[in-house]
Structure formats: C-alpha cells, structure tokens
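**Q** The whole structure should be built from the sequences, with the hints applied where relevant.
Chains as they are written, first to last, in the working numbering: chain S, 1 to 381; chain G, 1001 to 1312; chain V, 2001 to 2514.
I should point out that these hints are in silico values taken from the structure, not numbers from a laboratory.
Be aware that one or more of the hints could be misleading.
No more than 30 Å apart at the CA atoms, straight line, and that leaves these computed lysine-lysine pairs for DSS-like [as the list claims (entries may be wrong)]:
(1) V:K2260 to V:K2030
(2) G:K1088 to V:K2345
(3) G:K1295 to S:K352
(4) S:K250 to V:K2116
(5) G:K1301 to V:K2116
(6) S:K367 to V:K2219
(7) V:K2345 to G:K1295
(8) S:K225 to V:K2334
Derived coverage of chain G by chain S (criterion: at least 3 residues anywhere in the stretch with Cβ under 8 Å from a Cβ of chain S; other residues may be distant) [stated by the list, open to error]:
(9) 1052 to 1063
(10) 1095 to 1106
(11) 1115 to 1127
(12) 1137 to 1144
(13) 1217 to 1226
(14) 1231 to 1241
(15) 1291 to 1305
Residues from chain S that keep clear of chain V, each with C-beta distances beyond 12 Å, as calculated [to be verified]:
(16) A37
(17) E116
(18) L117
(19) L195
(20) S200
(21) L214
(22) T282
(23) D325
It should be emphasised that the depicted structure is a prediction, and the values quoted were computed from it without experimental measurement.
Note that the Cβ used here is the ideal one computed from N, Cα and C, for glycine as well.
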Amino acid sequence: MKTQKESIFKNAGFQSILAAILCIVIGLFIGFLVLLAINPAGAGEAIVTIMRNFLNYPTRPAQMKYLGNTLVKTAPLLMCALSINFCYKVGLFNIGAAGQYVAGAGACLYAALALELPWYICLLCAMVAGGIFGTIVGFLKAYANVNEVIAGIMLNWIGLYLVNMLLAGVKEQASPYTFNLSSTNTAAILPTLGLEKFFSNNKYVTIAVPLSILIAIVLYIILTKTKFGYELQATGFNKDAAKYAGMNEKRNMILTLMIGGALAGTGAAFLYLTGFEQWQTTASSVPSMGFNGIAATFLGGLHPIGTIFASYFIQHITSGGAYLDKAIYPSQISELISAIIIYLCGFVLFFKFAMNKRVDAAQERRKAAAENAAAKGGESK
Amino acid sequence: MILLIQYTLIFASVLTLVALGGCFSEHSGVINLGLEGTMVMGALGGALTLKALTGAPYIVIVLAAILVSALSGLLYTVLLGVASIHFKADQTLVGTAMNILATAAATVMVKAINMAENPDNVSATIQYVNSKRALIVRIGNFEFNWFMLVAVIALICSYVLLYKTRFGLRLMACGENPQAADSVGINVFKMRWAGVLISGILGGIGGIVYITAGVSEWKFETGVAGFGFLALAVMIFGQWKPTNIGLAALLFGFFRALSNVYSGFPFLAALKIPGTIYNMMPYIISLIVLAFTSKNSRAPKAEGIPYDKSTR
Amino acid sequence: MDETYAIEMLHITKRFPGIIANDDVTIQLKRGEIHALLGENGAGKSTLMSVLFGLYQAEEGTIRKDGKEVKINNPNDANDLGIGMVHQHFKLVQCFTVLDNIMLGVETVKGGLLEKNEARKKVMALSEKYGLMVDPDAKIEDITVGMQQRTEILKMLYRDNEILIFDEPTAVLTPQEIEELMQIMRNLSAEGKSILFISHKLNEIMEVADRCSVLRRGKYIGTVDIKDTNKAELSRMMVGRDVQLVVDKQDAKPKETVLKVENMTVASKVHKNNAVKNVSLEVRAGEIVCIAGIDGNGQTEFVYGLTGLEPLVSGKITLEGQDITHASIRSRSKEMSHIPEDRHKHGLVLDYSLEYNMVLQRYFEPEFVSGAGFLKKKNIRDYATRLIDEYDVRSGQGPITIARSMSGGNQQKAIIARELDKQHKLLVAVQPTRGLDVGAIENIHAQLIKQRDEGAAVLLVSLELEEVMNVSDRILVMYEGEIVGELDPRTTTAEELGLYMAGAKKTDRKEVHA
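**A** What follows is the structure, given as structure tokens:
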C-alpha cells in the first residue's frame, strides 16, 4: 500500500470535530448576542454562568452533586441520540425517537406505579414499549412505503396522548404529576451500585449513566465490526444493492427501527426510574428529549462515541441555563442555544464538502506545479 | 352545536392556512417540517400586534395582525430557505431545529418583553383580550371570525395560483423535476425561495389564527401544541391539492373541536371517552390513510432533495 | 466571414480536475445539414454539447453563430440563440400534460392566467407540419418513450429553435421508432433546421447524417462527408485502431442443462400488464445463451424474476435440478452469479470501500465472518487484494478506495471480478459492457467465453446487435415480454435478428431443447 500523505483537513474525524466546535462556538456567540440584547450589563457573566453549569457552586461536594444531576439527564439524552444515530446509519431519520421515549416513559411508570413491579421489569417494559413504537414505523416504512419521518411525527403525538391517558390513573390528586417513586415503589428505582458516593450522595446517579455509555460503545462495535453492522450500513447506503446481495432489507429496516425504539424507550426509563422527574399528565407537547437527541447525534458527527460527548455538552448548557438570574434572563436561553446548534449542524455536510474541495484544489495545484517543474527539468536536459 | 361548528370552522381555517403553506413549499421541492415553528413565530408577531394596537379601529387591528404575523412567518422561513436551498442541508434536521428554536426564542422574547415592562412578570404569556374582539362578528350565537374568511380566500387563491398561472406551473415543475425546469430557463433556486416564503406567510397567519381561536391570552412556552404537524398531516391527507386540503382540514378540525366541546353533548359525555382520544384521532386517521395510500403517493417527486446544478 | 455555418465551435478546450474533457475541438455545423458527432463513451461528446448549451464554460476557444462570436453562459443564452437540445434523459415533468411541458418556461399569459388555447393551436400546427403525432392533453407518464421524445422535439420547435441537438436519441427507441425519428430529422433539415446528432451507432450515422465529426479521448480527430466514407473508416477514427469485429471463439460444447425456466410470468412495475409473459428457456453448461431485444421488452423483469429480485406471477425455475421458484436471493446466489444491469443501483454500495464491495456476495461465509458475527477484516483485505490484482481493477487507494470515486469501467471490473470469482454454475450477465470503451468490452467478452469454456452456463442479456451476434452460441429474441424466436448466430443475419427484435417476425417454439 502506498501511503500518500493526506492533509489533516481531509481526515473525516478531524473534520467532524472541527465542524462540531465551530457549531458550538457560533451557537454560543448568538446566545451571547441575545443576552446582550436583553440586558447588556450582565451578558458576559450570564454566558459564563451557562457554560459553568455545576461549577457555579463554590464547594467541591456541591459541584459534584450537581455534576451528578447533569449526568442523570445526560443518560436519557444519550440514549435518544443513539437511537437516532443508529437509525440514521441505516438511512432512516428516526424523528419518532421522541414518541418512543414517551412510550418508554409511560410503560415504565405504569409498571412501577400501577403494577408496582421491580426496576428491571420496569426497564424491560420501557424497552418493549419503545421497541413497539419503532416497529410500527418500521412496518409502515417497509410494507406500506410510509415515510418514516411522517409516521414518526404522527406516533409522537399519539404516544403523548396515550401516555397522558395511561398515567392519569397514577397521578397525584392535587397536581398533574405522577406519584413520586420513592414514596410509592422504591423497588422500581434503578440501583446506584454505590455510584452516588462519587457525587456527594446524589441518589439520582444510578447505573443508567455508565450503562448508557456502555451501550454507545456496543453500538459502535456492532456497526463497524460485525456482519450485522455491515448489512445495516449497506442497507442504509443502498437498499437495492443490499437486496441484490441477498440481505433482507425489509427485515433490517424494521429491526433497525425496533432497536432504535428500544434505545429511546430505555432512555426514558433511565430518567423516570431514578425518581429525578415525574411525568406531567397534562403535557400538551412532546418532551424535547427526543428532539435534543437529534442535536446530540449531529453534533457528535453521527458517530456513537462522538455522540457521548455531544450529549453531555448539550445537557451541560441546558442545565447551565437554570443558573441564570431569572429576574434578568429567561432560562430558555440555553434551549435557544442548542436549537441554533442543531440548525448549524445542517450546514456541516456542506462545510465538509467545501473543505475537501479546498484541500483537493490545493493538492491539484501542488501536483500541477510539480509536474511543470519536472517538465521544465526534462526540457533542459 | 353551534359551538362545535364554530370550533370546527376556526380550527379548519388554521389547518387550511398552514397546510396550504406546506403545500406551496413542497410543490417547490422543499419539505417544511418547521411549520410548527413558523406558526409560533407568526403567533408571536400577531399577538404582539394585537396587544400593541389595543383600542385601535377594528379594521386596522385585523389587517395589522395578519400583516405582521405573515411577515414574521416569512422572515422565519428564511432560515429554512438559506439552509436547504443554498447549503443543501438535511431538511428534516433543519425543520426540527426550527421548531425547537421557535418555541425557545418566542419564550425568551416574550419573557424579556414582559420583564422590561414589569420586573415582577417573568411569565411567557401575552394577553390580547381587548383586541380579540376586533376579530369576531357575532351572528346570533355564532361567532364569526374574520380569519375564517381569510382561510377561504387563501384556499381559492392557492388553487388559482397553482393550477391557473405561470407561477404555479413553474413552481410545480421545480418540485417534480428541477432538472427539467432548469433546462427551460427557470431559476429553480428562485422558485424554491418563493415556495418556502409563501409557506412562511401562510404558516405565520395560521399561527395567529390558532392562538386567538379559543382563548384571549397565550403562554408561549407551549408552542402551538403540534398544530403544525397536524397541518402536515392535513396536507398529506389532501394529497398536496388545495381542494382536498380544504376538505381534510374540515375533517381534522372537527375532531379537534370535538375534544374541546364534547362534554357539552350529553350523548358524547355519556360515552365517557376521554378528550385525549379526540385529540389523537386525526393522527391515527392520517397514519391509517398513509398506510393505504403511500404506495402510490402523489407527493412531489423531487421534494426533500437539494437541487444540485451539476447533476443535470 | 463564412456565413454558410449556422454554428461553429472553434478550438474548444474544457478541463476538469484531473482530466481534459475537450482538447482543442472544432465543430462547424452548416445550415440545414444533419451533422453527426461520433465518439465512444467518455470521448467528450456530452461535455462539448454542454458547452454549446451553456451548462459549462470552456476555458479556451470561441463559439460563433452565423459567423458572429457569441457568449453562452447558461441554457437561456443558448435558447435565445435558437439552440435547443433533446437530452438523453428527457427533461419532462411526468405529471404534467404534453402541452404544459412544451409551454413550460415560455408560457403565454392573458390577464395573469395561463392562456393555453393559442399554445395548443401552435403545437397542433407544428406536429402536423413535421409529422410529430402527439396528444397535447395526454400526461407524460401515460405515453410511450417515443412520444415523450416527440414532445421534446416539439419543445424545441415551439421555441423556434434553429439548431437542434439530439443527444443519443435512439438508445431508448424501438426500430420502428428509430425509423420514424430518422424521417423526422430529415423533415426538419429539409425545412432548414440544422441538426447535431450525437451517437456511437455507425449504422444510424451512415443512414441519416450528411457529415460526421469524430472525437476520441477528448481530442478532435476529423470531419468526413458520409458519402465518401464507410463504417470501417468511421470505427477506425472512433477507436484509433482496427476493431476486431469478430470475437475469437470455438464452437460451444453444451453439456447438461443447468437452468430451466418454465412458463415464467412477471408483473410490470410500469403498467398493468405483465412484463414477462409465459417465457420458457433452458441454458446448458458450456454455452452462452443470449436474450436479445430492444430495451424495455421485459428483459429486465425476466432477470429480476430469475434472480429473485421480483416475485413471479406464475411459472417454475429449476437450477441444477433444484426448484428455486420461491427460493430467497441468498440461496439462489449459491449457484448463480449475477452481473446486474445497473451497477450503481444494484451492483455496488457506492459509499462502501472497494474491499467491502468485493465481499458483498460472500461476507456471510465463514471465511469472512466469525461464529460470533464479527467480520474478519484481514481476510477481507487479502481477498480483495487478490481480486484487484487478478482482474486489474484500478483505483486510487487500493482496497480502501471508496467505490464512488472509481471510474465506471473499474467499477464494472470490480463487479465482474466479484461475480466470476464466486462459486457458480450459472452466470447471468446483463448488459455487462454498457458504457465501457472498446478495450474493456473486448476483455469482458473474452471473460464470458472463458467462463463458458470452463463449463459454466452463461445467460447474457444484451441490447447491442454486434455483441449478440459475436458472443452468443444461441440467441433468444424477446419482444413485448415474449420469446418470439430462437436463432443460431452462425446462420442468421443482423437484418433477420432486427426483424425479430422489432416484432415483425415470429416463430413458434414448441419445445426449447431436448
């Protein structure tokens, strides 16, 4: 193998990281401008506050505790992102992850609060519920040619209303929120395995955090190292060629969306089975977790490992928004920033394309110059 | 009963407007999944106008609200146009970003405005009780809303524009086969911009119609509760044709209205079907319809595919 | 100033990164003549026409219209100069009517609304004048390819274009339609229109053109008067050497039957009728059976049915004595290799590396995957490297080259390497030489004959008369989904074959072979 020295700018991994950083910087900058517009005096401090997140606390134990909180919410986000990432590799845009997440939330909370089952069964329920939602999209896509984006969107809303209805029976009298896990069924809370000790006894830090990272790594291995991954990506790149090669492209499509759904569903269990949040049965919009997953996926360069960091970052600034002085700045600034980052991710492909073109042009010029020089050398002999 | 008709008509108006917006965008070849966000922005612009014009003559209020919300929607869809037409961005991704962004941005803006007026008011709510009267004409028990007329006009105009004019012919050519359009000298980028911006105008108006449909204040944290997506369903159900879109909007509007007023009907209340079922119905229906019709869908053939001059 | 020329392209040079597509090319089109532009695939014909039509700008050279220098920056400029083009892939909107397509871009408007009556009258008058029969109110998706092409011609005439470019117009037509097109072209030139006719088919050029310019690898070779030349000279100009028109091969020695197809019927995706009707045939070990026919007569669907890409409506397929009628694609591929018609659609995963493409039909075998489902990357690399060497597949970075970045010829070589190396008793090769240059074609023909001599049964599907006559041992002609005749290439003539392909002749085949 001859190894031609490639410019680092042509390296796909390097390009992804560069693009991600660029998106983040621009996103933060626009956020800063908005802060400036609202109140110029505190804008600089405010943007730093968002980026510091848990570091806003003076003592180390407090910092660790709130880092824990950020991680607790990173785990479900990562799962949604992985769901979207996995499906995208097979050429499917799983916008339905939001609905699969909702289905998972409904199933695990119902299992925990109404049926009073232990955590592993609840987790399984969430996985199955999300998987079913994904499978519906897969079936519609494979056998009725329904666009997965449209089917996913419809199911997001169906899921939301279904879960609101399902959980209406296990909500508190005075509020629209579901019962608290710790007072209803402690067996349904995910085990911590002592992890809370690292986070100043933050009991919400459970196995969900390491588990989600582990799942990301496993997905990466499946996609790049196995026969299953070979088939899935072939189907994603070229469905007809996959069929020609004897792969069952319909089955692969359904399987992919089933796995994607299960991932998103599990993500919901990773949040709601910690007791960190309760479900609001009057919710009139689909939780943003699934959509933020899209942000994390694309920001992570559509790479499972990159997605881990991207998910953490998105959650980091989202949590950071809560530390803003509410009398001056709305906390939704951080949502605004992550929305801008998603928007900018749309430009990444173009960015890479432009970068490749520049590098190619530069190489072409160098090559032409070298040939010219050689030709001249030849003439002079 | 009158209430049911009234709600059906007003919701149908919203859906007609927004679905027509989606229809224009898709006929030009760009999928506007950001209709939800476009509505939010239109609603924001409209609501602020209503609030600002409290006490003005009714005709001014109505026209200004329409104008400002249309303009807000139009400006917002520039985001979609830039990304999807010139930078070949994934339209699903951009649409999703627009939906999240709109709610976040509207919330931030409203909160900032509210706080500037009164430091103790940190809500994201705009009230327009007084101006709302301008929109309504009472005919007996029936509240006629000027926006219903707007929707009908938009429907007729869209039909004429798409099928009877040069613009419509060229627009649809860009959504079906942009290479063909380009080869006869039509500027595909320009036509796609036109489609996207019209979707912004109609989506924006749809937004203000929606938030003034039943209530007289709006909490912007909730966005527009999925109505943009419902409009997308209406558009598909209507097979990208204005007349069918009008009919589909009536059907879906009816279900939506039922969920608001079913408790007023003794026989429906007696069924003890939760309101959420009626909310769910339109989505379920469109999913079922999609399952049966998607094999030979009439969707514009080139929609969602960025136009690249070099592939001609 | 010489005003006998309608359009002149003088010393045109157009470069793309890495290649010179047109190198100092000069073409002069006389008013009222039919001027053929001949060259192999990749010779630079399309680039040159794109320059004329304003899709590309040349780095060097000038274009003159009626002796005056002009700049053509986009298709609108070309249109303003009266240049029109029938593209190889029609530029028509499927769901519009013929009239809408013709009007598109030059619509007549009255009071803001489209005014179609005048346009309809003009179209009717034009179609009468030039013998172009089309229904202006039919939708494009409902009419035949020939009628679609006439719509394209009407589009040019409606715009009063004087210079008409036809880019490979006969590739998609039946022989009758080709004959009609030739007549239309003659009518047009008789009315004073100047025609540029791009083709690589010598027969058609000899029949219809007045003069012919030849391109080879981007270079201008020369222009000749058709009445002073012959096919041999033209082909020598096109290829650059004497073309071996006869393939060197021994007579076939067929042995046992490998493939038996009985009464196969396959539904069509395009229309409501069946695309393949009641087809029966046999292929034996050691022979090349060729299915000949005009494109779109059911060959594609027949292969889909045979290889399992589409289900059968009825019929039975037996391979090596096994009934495979309902077998999966994977199980069929154990004994059947398939070089697909469309290498981009079926043959390759373009975004995969070359090595991953090389194992596309074998990745699941124990050689390449462990029991736990992990790919054995080293074995894949070794295997791909061996095939690349053996079949001389050229690429930028060897096995890790992304398939998309390879040239069409090397992509095809990769597919052929993969399919030939794989174990098989039957080789199904569908248009294996499509879009390749002469050298590559000769090589592939030799490979097919080698396969036959080593005892494989070969089923070749081809649209090229020459290939059919030269390579096959038996010819089956397919017309409108049926086998209408069986011919022996040693005794039949191209003319006879043509009659069968056009459906003008038909023989009953009681039984295929004993």
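**Q** Confirm or reject each hint.
**A** Tested hints:
1. A distance of roughly 56 Å separates the Cα atoms of K2260 of chain V and K2030 of chain V; the hinted pair therefore is violated under the 30 Å criterion.
2. A hinted pair counts as satisfied when its Cα atoms are at most 30 Å apart, and K1088 of chain G with K2345 of chain V qualifies at roughly 23 Å.
3. Using a Cα cut-off of 30 Å, the hinted pair K1295 of chain G and K352 of chain S is violated, with the two alpha carbons roughly 35 Å apart.
4. In summary, the hint linking K250 of chain S to K2116 of chain V is not supported, as the alpha carbons are separated by about 46 Å, beyond the 30 Å threshold.
5. Between K1301 of chain G and K2116 of chain V the CA atoms are separated by roughly 25 Å; this keeps the pair inside 30 Å, and the hint holds.
6. A C-alpha spacing of about 23 Å is found between K367 of chain S and K2219 of chain V, which places the hinted pair at or below 30 Å, so the restraint holds.
7. Under the criterion of a C-alpha separation no larger than 30 Å, the hint pairing K2345 of chain V with K1295 of chain G is consistent with the structure, at around 20 Å.
8. Under the criterion of a C-alpha separation no larger than 30 Å, the hint pairing K225 of chain S with K2334 of chain V is consistent with the structure, at around 25 Å.
9. Counting residues of the stretch 1052 to 1063 of chain G whose beta carbon lies closer than 8 Å to any beta carbon of chain S gives 0, which falls short of the minimum of three for the stated coverage.
10. Counting residues of the stretch 1095 to 1106 of chain G whose CB lies closer than 8 Å to any CB of chain S gives 9, which reaches the minimum of 3, so the coverage claim holds.
11. Restraint check on the stretch 1115 to 1127 of chain G versus chain S: 4 residues with Cβ-Cβ distances below 8 Å, three needed, restraint holds.
12. Note: the stretch 1137 to 1144 of chain G has 0 residues with beta-carbon separation from chain S under 8 Å; the three-residue rule is not met and the coverage is violated.
13. Restraint check on the stretch 1217 to 1226 of chain G versus chain S: 5 residues with Cβ-Cβ distances below 8 Å, three needed, restraint holds.
14. Closer than 8 Å: that is the beta-carbon criterion, and the stretch 1231 to 1241 of chain G has 3 residues meeting it against chain S, so the requirement of 3 holds.
15. Check result for the stretch 1291 to 1305 of chain G against chain S: holds, 5 residues qualifying (beta carbon to beta carbon below 8 Å, three or more required).
16. With a closest Cβ-Cβ approach of about 42 Å to chain V, A37 of chain S is found to remain outside the 12 Å limit, as its non-interface label requires.
17. E116 of chain S, annotated as away from the interface, keeps every beta carbon of chain V farther than 12 Å; the closest lies near 38 Å.
18. Distance check on L117 of chain S: its Cβ is at least 33 Å (rounded) from any Cβ of chain V, clearing the 12 Å threshold; non-interface status holds.
19. L195 of chain S, annotated as away from the interface, keeps every beta carbon of chain V farther than 12 Å; the closest lies near 30 Å.
20. No Cβ of chain V comes within 12 Å of the Cβ of S200 of chain S; the nearest lies about 41 Å off, and the non-interface call holds.
21. Chain V leaves L214 of chain S outside its interface by the beta-carbon criterion, the shortest separation being 18 Å against a cut-off of 12 Å.
22. The claim that T282 of chain S lies off the interface holds: its Cβ sits roughly 45 Å from the closest Cβ of chain V, which is beyond the 12 Å cut-off.
23. At roughly 49 Å from the closest C-beta of chain V, the C-beta of D325 of chain S stays outside 12 Å, upholding its exclusion from the interface.
When held up to the earlier numbered hints, the structure conflicts with 1, 3, 4, 9, 12 and fits the remainder.
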